[in-house]
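Student: Since the structure of chain A is provided, determine the placement of chain B on it from the hints.
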Amino acid sequence: MSKPVDHLNKIKHSLRRRNRAEARFRWYGRVAVFIGLAAVAVLFGDIISKGHGAFQATYINLSVAYNQDLIGVDNLTDPDELAMGNWQALPKAALRAQFPEVSGRSDKRKLSGLLSSGAGYDLKDRLLANPLLLGETESIWLLADDDIDTYYKSWLAGDAYAARLTDKQIIWIEQLHQQGQIRLQLNTNLFARGDSREPEQAGIRGAVMGSLLTLVLTLMLSFPIGVSAAIYLEEFAPKNRWTDFIEVNINNLAAVPSIIFGLLGLAIFINFFHVPRSVPIVGGLVLTLMTLPTIIITSRAAIKSVPPSIRQAALGMGASKYQTVLHHVLPLALPGMLTGAIIGMAQALGETAPLLMIGMVAFIVDIPGSFTDPATVLPVQIFLWADSPERAFIEKTSAAIMVLLTFLIIMNTSAVWLRKRLERRW
Amino acid sequence: MSPTDTTKPAKVAKKSPALKTSAAALNKAAAPNKAAAPKKTAASKKPKAAAAKKPRVMAAPKMSSSQSLDVDDHKVTVGKSFSDNAKMTMRNINVFYGDKQAIYDVNIDIAKNEVIAMIGPSGCGKSTFLRTLNRMNDTVEGCRVEGEICMDGEDLYAPKLDVVELRARVGMVFQKPNPFPKSIYENVAYGPKIHGLADTRVDLDEIVENSLRKASLWEEVKERLHQPGTGLSGGQQQRLCIARAIAVSPEVILMDEPCSALDPIATAKIEELIEELSQNFTIAIVTHSMQQAARVSHRTAYFHLGKLIEVNPTEQVFTMPEHQLTEAYITGRFG
Numbered sequence: 001m002s003k004p005v006d007h008l009n010k011i012k013h014s015l016r017r018r019n020r021a022e023a024r025f026r027w028y029g030r031v032a033v034f035i036g037l038a039a040v041a042v043l044f045g046d047i048i049s050k051g052h053g054a055f056q057a058t059y060i061n062l063s064v065a066y067n068q069d070l071i072g073v074d075n076l077t078d079p080d081e082l083a084m085g086n087w088q089a090l091p092k093a094a095l096r097a098q099f100p101e102v103s104g105r106s107d108k109r110k111l112s113g114l115l116s117s118g119a120g121y122d123l124k125d126r127l128l129a130n131p132l133l134l135g136e137t138e139s140i141w142l143l144a145d146d147d148i149d150t151y152y153k154s155w156l157a158g159d160a161y162a163a164r165l166t167d168k169q170i171i172w173i174e175q176l177h178q179q180g181q182i183r184l185q186l187n188t189n190l191f192a193r194g195d196s197r198e199p200e201q202a203g204i205r206g207a208v209m210g211s212l213l214t215l216v217l218t219l220m221l222s223f224p225i226g227v228s229a230a231i232y233l234e235e236f237a238p239k240n241r242w243t244d245f246i247e248v249n250i251n252n253l254a255a256v257p258s259i260i261f262g263l264l265g266l267a268i269f270i271n272f273f274h275v276p277r278s279v280p281i282v283g284g285l286v287l288t289l290m291t292l293p294t295i296i297i298t299s300r301a302a303i304k305s306v307p308p309s310i311r312q313a314a315l316g317m318g319a320s321k322y323q324t325v326l327h328h329v330l331p332l333a334l335p336g337m338l339t340g341a342i343i344g345m346a347q348a349l350g351e352t353a354p355l356l357m358i359g360m361v362a363f364i365v366d367i368p369g370s371f372t373d374p375a376t377v378l379p380v381q382i383f384l385w386a387d388s389p390e391r392a393f394i395e396k397t398s399a400a401i402m403v404l405l406t407f408l409i410i411m412n413t414s415a416v417w418l419r420k421r422l423e424r425r426w
Numbered sequence: 001m002s003p004t005d006t007t008k009p010a011k012v013a014k015k016s017p018a019l020k021t022s023a024a025a026l027n028k029a030a031a032p033n034k035a036a037a038p039k040k041t042a043a044s045k046k047p048k049a050a051a052a053k054k055p056r057v058m059a060a061p062k063m064s065s066s067q068s069l070d071v072d073d074h075k076v077t078v079g080k081s082f083s084d085n086a087k088m089t090m091r092n093i094n095v096f097y098g099d100k101q102a103i104y105d106v107n108i109d110i111a112k113n114e115v116i117a118m119i120g121p122s123g124c125g126k127s128t129f130l131r132t133l134n135r136m137n138d139t140v141e142g143c144r145v146e147g148e149i150c151m152d153g154e155d156l157y158a159p160k161l162d163v164v165e166l167r168a169r170v171g172m173v174f175q176k177p178n179p180f181p182k183s184i185y186e187n188v189a190y191g192p193k194i195h196g197l198a199d200t201r202v203d204l205d206e207i208v209e210n211s212l213r214k215a216s217l218w219e220e221v222k223e224r225l226h227q228p229g230t231g232l233s234g235g236q237q238q239r240l241c242i243a244r245a246i247a248v249s250p251e252v253i254l255m256d257e258p259c260s261a262l263d264p265i266a267t268a269k270i271e272e273l274i275e276e277l278s279q280n281f282t283i284a285i286v287t288h289s290m291q292q293a294a295r296v297s298h299r300t301a302y303f304h305l306g307k308l309i310e311v312n313p314t315e316q317v318f319t320m321p322e323h324q325l326t327e328a329y330i331t332g333r334f335g
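From first to last, the protein sequence lines are chains A and B. Residue numbers for the first sequence follow the numbering used here, so the first one is 1 and each next one is one higher. Residue numbers for the second sequence follow the numbering used here, so the first one is 1 and each next one is one higher.
This is chain A alone, in the form it adopts within the complex (with noise of 0.2 Å):
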């Protein structure tokens, strides 16, 4: 009678065992998850304490006389006279009239240098708009200079960062203050306009506009070429040693660092081609090259899950394999292969270095409106800002990470739900 009870003791013993095993186990799994979850929390902290001031910038109240006299401007409509005008005038003569007191150079200087260099030409196009404002006098709230900004900022906060200012220009911010006369109000200009050697007026239209266009490209291109050899090789293609060759090569040239593509779109498109630089087709080609085995994977991937039977089902009917592949195969692998293709337009989305030797670094500062104009990229444009000396570029970096991630998010839950909603039950 001893035997059996033994060996439920023995059963017992080791099950106790394994669940230990397992309990274990899972802890190690939410401690992987939470290091993942906590790596995000802390990057995503980290840019939006820094980045979200830049959604706001500084502007002064100022009443502006649009003096003809002053501008040396008599016919609104005629482009060389308008060119030669002094708009810089404008704002200069409105700062000296709130503040008549200031005498001097250097403290002239100084205090026209509490606005933006872009004000006066912010006045132009608001005269141009409204040409019955010319002689009049109007209250505007104008756009301040970026250390100004920072200042007011980082003031406001409790904190002031006054390192690039004089002390006459703090006792004038906060004049300004007092009068109610300086505000934060909404950067529009961070979405309207493009690079900017001044921080205040920098925007990522630009580089939004030119991410947009090469990523158009690169889904136009890598897309159906990349679900075509997919189909091709998975489907048609006899195996033998030259398919193996292939699917090597596929695997290896998803593991090739992008910088070599840029440079092979360098020596390629560039050199040998004579595709002019710095422009979306460019990128958008190497972007291409970048994307292709991502997308020929998954979708190889997304076309092998379809269930043999299905295709069976398809040729004993006396579908030719073209009508199998394309009524059956393809809708069933669709799901798979977008959510491939958009995961390889997010990985083209967030790429900066291959760009870099194409010429898409450059400093450009018209928002691009076509495929051959000069343009650059999110990533870019974050690198090239983070790269500049101004103090206030460190919000405008985190600012331009802040929507390349939104971007990111969008598409990659598009994936996610695109999956969720086309997956067929079975």
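The set of hints was computed from the structure by calculation and includes no laboratory data. Do not rely on the hints blindly, as some may be mistaken.
With a Cα cut of at most 16 Å, we get these calculated EDC-like pairs of lysine to aspartate or glutamate [claimed, not checked]: (1) A/124 <-> A/80; (2) A/321 <-> B/138; (3) A/321 <-> B/162; (4) B/182 <-> A/423; (5) A/239 <-> B/138; (6) A/321 <-> B/141; (7) A/124 <-> A/138; (8) A/239 <-> B/141.
Remember, predicted model here, so these are calculated numbers, not experimental data.
Tutor: Structure of chain B alone, referenced to chain A:
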């Protein structure tokens, strides 16, 4: 030897090179110590085999002296392999998967409007054989078919023959129900659509309804034709697959263990259906269930290790099998 051998058509002579090569391959495939087997006569080998198997062999006086339970000795199919009213004729069929031979020298006719059942132990090549009839083996990497398969006198493996046309004429129902993940209607309409059988929507509706009626599924699904076919029960799915196959009006329907994934009630329905379909179609069915073969088929072919051992009217196979191997199988001694 079976008297039916004399009815072998003259075609065989033409094909003799293939016969020789396949015989050689057969010998190579056999165990090395059997390399000399062809030189020995079957008779000379018999006493040894008989001695070895004696305790297991039942008294079977009707069996010819050339038979033994050792399948390596098997050369010629016994029974009535051939038919005067043949729909499909197969001569000297050898099938290889790469270097491995799966079917050895099979000769058989399938008569018009008959139900012929293929039985045999697992791995005996019955499914492979079935799949040569509509060239589904073409899709298997490394599969090679030798010999001659004709339907109504037309060589199915002729280079100019289009497999798409062939598969419209020889339909197939698979082991696991595999409806397309589309609606019931789309499932049945798919074949007629790709082959351009229906000119108008009305024609197509009619084909779908008729096919579903013939597959005795219409009453169950007529209210939900546009719901997914994958939502049906297993037995209904298999009948949907049959409806899909008959929608293109094939001449022959191949069924590869159509009931192996089904419960007994669904199985009974399919068997009933096969009975009805045999009035209009020629049906070749592979089955693991001997009872099923006995219930639905007119003739039964017994395969063993890639060789066709015996073909006879079903009743005879299950009551008085001609070959010892057949008897051993149906009495449950292996398989």
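Student: Taking each numbered hint in turn, which are not upheld by the structure, reported in ascending numerical order?
Tutor: none
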